[in-house]
Every structure is written in C-alpha cells, then in structure tokens.
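2 protein chains.
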Amino acid sequence: MPHIAGTAEQARGFLSQHVGAGSSVGLVPTMGFLHEGHLSLVRRAKRENDICSVSIFVNPLQFGPSEDLAAYPRDMKRDLELLSAEGVDLVYSPSHESMYLPDRSTLVTENYLSRVLCGAARPGHFDGVCTVVLKLFNIITPDRAYFGEKDYQQLQVIKRMARDLDLPVEIVGCPIVRESDGLALSSRNIYLGEKDRAEALVLSRSLDKAEDLVRVGETGVKSILAAVREVISGSPSVALEYAEIRDADDLAPIDRIEKRAVCALAARVGRARLIDNRILERRDS
Amino acid sequence: MPHIAGTAEQARGFLSQHVGAGSSVGLVPTMGFLHEGHLSLVRRAKRENDICSVSIFVNPLQFGPSEDLAAYPRDMKRDLELLSAEGVDLVYSPSHESMYLPDRSTLVTENYLSRVLCGAARPGHFDGVCTVVLKLFNIITPDRAYFGEKDYQQLQVIKRMARDLDLPVEIVGCPIVRESDGLALSSRNIYLGEKDRAEALVLSRSLDKAEDLVRVGETGVKSILAAVREVISGSPSVALEYAEIRDADDLAPIDRIEKRAVCALAARVGRARLIDNRILERRDS
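If you read the protein sequences in the order shown, they are chains A and B. Heads up: the first sequence at position 129 corresponds to 129 in our numbering, and the numbers run straight through without jumps. Heads up: the second sequence at position 69 corresponds to 69 in our numbering, and the numbers run straight through without jumps.
Treat the hints with care, since some could be wrong.
Heads up, the list lumps identical chains together, so a pair's fine if it works in one copy or across two of them.
To be verified - Quick list of in silico lysine to aspartate or glutamate cross-link-like pairs, DMTMM-like style, CA-CA up to 20 Å: (1) K150 to E170; (2) K222 to E258; (3) K46 to E199; (4) K77 to D103; (5) K77 to D247; (6) K46 to E179; (7) K77 to D181; (8) K150 to D208; (9) K46 to E9.
Calculated from the structure, these hints are not laboratory results. It should be emphasised that the depicted structure is a prediction, and the values quoted were computed from it without experimental measurement.
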C-alpha cells in the first residue's frame, strides 16, 4: 500500500524521510476516480523517478457554481487499490479544509492561454487549476509532474505558469489514452448512458477526419472545421460547445495549418461535458 | 566577493554546487541601493543559514506607470562592496529581460490584505511584489527569506501568499532601522533635499506620539489618528497620503486598540513617497 497523507505536514514528513540526496520525485496530480489514462501517467512517473507520488483532490476552486463539483465521481477505495498495484509510494489526499483556509486570498492567474477554448466558457477555471497545482508543487516539491494531453489547454497553461514563475519542476505531457472504439478516457464518461456513449464517438471520429484531411494536404482551418462539425452533427444528442484549430504552443488563432496545430473541441453529451483534441501537423512532402 | 549570478540558470548552478544535503539557504530580496536596513536583514540571514543570498532587482512589475521606476536609485558597485564585506555568498542580479519574457502571462494576486493602505493608492503594486518574490523563491529555493517591517503591508502580504500557496519557506520579518533622529531608512530618502529631510521627521515623531498615547491608556483609534495628523501637519511640505490604524495581522479596520495594531502612514515629501509604521500594543496593567 502507498503511504497516505491527508495534510501537507504528513506529506512533507513522509518525503523528508524517504527522499534522499540526489533522488527524484514524480507527481501525478489527479481528481481521483482513476482510469487507464491516469495510470499511464503513474507508470511513467514511476519509471522516471525514485519516488512516485499521486495526489487525489477534487478541487472546488476549478469548478464553476453551475458545474458538477458535488456530482463529480469519487471512489477512494478503488483508487487506492489501483495505485497500490502500480507500486505508488505516496498518495496525497487532502480535505478541502486542509487545502483552503476560510480567509485565503491568494490566487495564481494565467491571463492569455486560459482566456480561450474551455477558459472562455469556464471563467475562473484555470485560475483554480493554476492555484491548486502550484500548491501541490509546493507541498510535494516534485522534480517532474505528469499531465495528460487530453486536457490539452490545461497542460499548456501549466507549462506557461511553470515557465513564467520559474518553477523548479519539469512539466511532462503524456498522450491521450482511448477506448478501443476511440472514446478518450475521462472520469466524466461515467455520466454517459449507453446511447449517449455511442453518440459521443463522433468526437474522436471528427478528429480522425481532421487528421485525414491534413494528411491529404488540406491546410485551410475553415474547411477542416466544417468537416469536423459535419461529423459531429451526425449525432443529434451531442451539443458542440466549440471546435477550434489553434497554434499548438500559444493557442493563437490560425487560418492555415503551417506548423503544429491543435484541433480542440468541447461538447455536452447528456449530463457530461466532454473534451477531446488532436495535434495536426502538415507533413512536408 | 560574492558569486554574482545574472540568470536563473547561473544562480541554480551555484546553489547546486554549494548547497549540500541538510544545509540551509537564506534569501534577502532587495531592489538594491542598499542601506543599513538591508544590511540588518543580510546579517540575520547570514547568522541563521549556511548560505546567504541576496537578490538585487528593481522590479518593473511593482511600479505604476506614473511612479519612479526610471529614477529609482541604483549603485551596483557600492552594493557589491557592502555585500562582500558582509560575507554574502550569492548575489542574484538578473536583467529585466531574463526575469520577464515578452509573452509572460502569469500573475500572483493577493486579494484582501493588498487592497488597503498602499495597495489602494498603488493598484497592481502588490501583484507585482507577489509575482517577483515567488519567482525569486522558485529560483533560489531558500529555507528562510528576510523582509523589513518598514514595508509592513508587504511583509503581511508575503506571509499570506506563503501560507495560501504552501510555500516551503519561512518568512522572517525584521525590525525597522532608523537614523539617530528617527527617520526610517529607505533607498528613497536619497530624493530628499535638506529641508525636506528635516520636515520628514514628523512621520516618525507622529508614530512616537501614537505610541505615547497608547502607553498612557488611550485606545480610541480616532483620537490617536487625530494626534498623529496634528504632528504631521506641523510640516507643511509633508503631504499625508494616509494615516491608519488597523489590526496588525489581517489589516482589518478597528475602532479601538484591543490587541496588536499597526499605525501605518504614507506621505509625499518633495519627490519622495515615504512610508513608516509602528506596532501599537496595549499594555495590560
């Protein structure tokens, strides 16, 4: 079993006992209800570091007032079994009260990358993400921290924060893990009924379509997005929130695919808000 | 001579070579043009840590558009001589360009303590302070960081940031250092002509008056502030910006002095904006 720490002091106590000079610490920040996507991060953190730590914290600061904070799925017993099987050393699982004092007044904000895509629809979301991730970094002081590319914008925002604030931690992005039929793994997939789950497949299929078009030479963002939207419109219960193609590094809007771009989308399917994305890269012939 | 680092990489390189397991690092963040107030922090940092580091950086992010960034006094040669005489190990003195990339977009904000007193007159000032101090902490990773109580509000804001973000650093406040006639040391005193300097003495004298009143049993904030303002009005070239008495910990407004309070003031004297403060504490008889 991993060591389980419920407070910053407990986590620091464990680390001060088990992290020797020159040994490295990896951190995988999660909101729990773990799936194979999380576990792929855990395996990489385990492989690349002497100590592998995982945080489980459903962060209220990154949920809007009308979002699914209360409903967000939780299963600590199963999470701990999964992490135990992976040989994780430390699980940091604080209470809300131990993370946020009633009179807290400090916030970390990222004011450029976090204003578009999901940030436009979820004001304050990325401030909440940055703030909690920075707190976790300060408590665990990892050498490397692992984030999934499924939350592509989050990964870019965290990389920017780490760069801008000179954080002494390497931010490692890891590939999206998908079901065999293409659905990107997400804790929120639990919200999907059978029919909604089938209809949600248009999201990954629309990204396949975008990738196919770029492979055969299409570079016009408008044309690609029209094709993406057409695929998604085949599923009437999928309500697209946005489908955009932007520069993969700084998320700037683009008209043509000239270097690495990302096609990112968000949609409501039944009770679930799902996101997915794909890197689009022109192959020079 | 101390080792001089101009970039984060150079500072980290020095520290990785010279900080062994179990040895401690102290940091004194400054904007240079050092005086005895700074040196009192340096001596304490030196006494309490194995490695003593000082940063010198006139932080553009904490100056408003109409403030004295360009005019702020600088004398790196003299600063280095002073720090050399104190036996400082590392001076981190980055360029603006190495600290702030053109597309930086991350800011640390403190939204409660920093809204009053100087924060009310200097919007964005404490965001700039928090952001640069957090960057310095991430570059130097000190065990302890030393700040003067002369910038009382700044000290409280930084303590709050450290608490809220779980920073693994102890924030140490150090007493105000004064000239023999009472003037609080400040790099900005260089702006004062002879006459202004003499008139500026009403600032510390008004705080003496407040302290005297509390000593003889006065606890009413209104009465004490009236006496403070009366002393200051004796110097016509001192334009008071604010004189306030607040709770010493959370800077909340108070009517009576019941526990530790702070009397804080800011004034323009000629070209200089000066601040000063005094802790007021009721002696139970």
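A quick look at each hint next to the structure:
In the homo-oligomer, the alpha carbons of K150 and E170 lie at most 20 Å apart inside one protomer (18 Å), although the nearest pairing across protomers, at 37 Å, exceeds that limit. Taking CA atoms no more than 20 Å apart as the test, K222 paired with E258 passes inside one copy only; the shortest distance there is 14 Å, against 67 Å between copies. Taking CA atoms no more than 20 Å apart as the test, K46 paired with E199 passes in neither setting, with 36 Å inside one copy and 66 Å between copies. Within a single copy, K77 and D103 get their C-alpha atoms no closer than 32 Å, and across copies no closer than 44 Å, so neither meets the 20 Å cut-off.
For the identical chains of this complex, K77 and D247 are neighbours neither inside a copy (40 Å) nor across copies (45 Å), given an alpha-carbon limit of 20 Å. When the C-alpha separation of K46 and E179 is checked against a cutoff of 20 Å, the pair qualifies neither within a copy, at 23 Å, nor between copies, at 58 Å. Taking the shortest Cα distances, K77 and D181 never come within 20 Å of each other, neither inside one copy (28 Å) nor across copies (67 Å). For the homomeric pair K150 and D208, the shortest alpha-carbon distance inside one copy (15 Å) is at most 20 Å, but the shortest distance between copies (61 Å) is not.
For a Cα distance limit of 20 Å, the shortest separation of K46 from E9 qualifies neither inside one copy, at 23 Å, nor across copies, at 27 Å.
Hint check: violations occur at hints 3, 4, 5, 6, 7 and 9; the rest are consistent with the structure.
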